[in-house]
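Enquirer: Produce the complete structure using the sequences and hints provided.
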Amino acid sequence: MSRNWHHGNAAEDGSETRGWVLGHFINPSEGVRSTKDLEVKWGVHPAGEKRPEWTTDDRRTTMLLLVQGHFRLHLTEGTVDLAKQGDYAVWGPGIDHSWEALADSVVVTVRWPSASN
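When you line the sequence shown up against full-length UniProt numbering, it's residues 1 to 117, in that order.
One or more hints might be untrue.
[Stated by the list, open to error] Straight line, CA to CA, 30 Å or less: simulated BS3-like cross-link-like pairs of lysine-lysine:
#1 K84 with K50
#2 K84 with K41
#3 K50 with K36
[What the hints assert, rightly or not] DEER-style ranges, computed between Cβ atoms:
#4 N27 with K84: 32 to 38 Å
#5 W5 with W112: 18 to 24 Å
#6 R18 with A47: 15 to 21 Å
#7 T76 with G48: 19 to 25 Å
#8 D37 with G86: 22 to 28 Å
#9 T76 with E16: 30 to 36 Å
#10 L38 with R3: 17 to 23 Å
#11 R3 with A115: 19 to 25 Å
#12 T76 with N9: 32 to 38 Å
#13 W5 with E77: 36 to 42 Å
#14 S15 with D58: 20 to 26 Å
#15 H6 with R72: 28 to 34 Å
#16 N9 with D104: 14 to 20 Å
What the hints contain is simulated information worked out from the structure, not anything from laboratory work. Where a beta carbon is used, it is the ideal one built from N, C-alpha and C, also for glycine.
Expert: If you want it as structure tokens, here you go:
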């Protein structure tokens, strides 16, 4: 039987899943972290790191929250600079994105629902 609670460290727990700590892709043996309701990622990005390819045709809603640093988000609707702790952007299905870290940055990403495209 899987546990219905968990505590840990996001960087450590996400080390095997590119930073993702909750979602459908977490092994059910991990207990409550395995869910189809949402996905949560702890992202640590050094200055200059980019995702040059665009994520396309996503059918979920996403929120990106800046914990520290300076992070630029490119959306099909425009560009958003997240520079102040707590800055965030939310976008829905059909909006494509890419990103770049303008300074060493830590971001939290939440997507829902958790499902492969």
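Enquirer: Against the structure, test the hints numbered earlier, and report the numbers of the ones violated in rising order.
Expert: When the structure is compared with the hints, none of them turns out to be violated.
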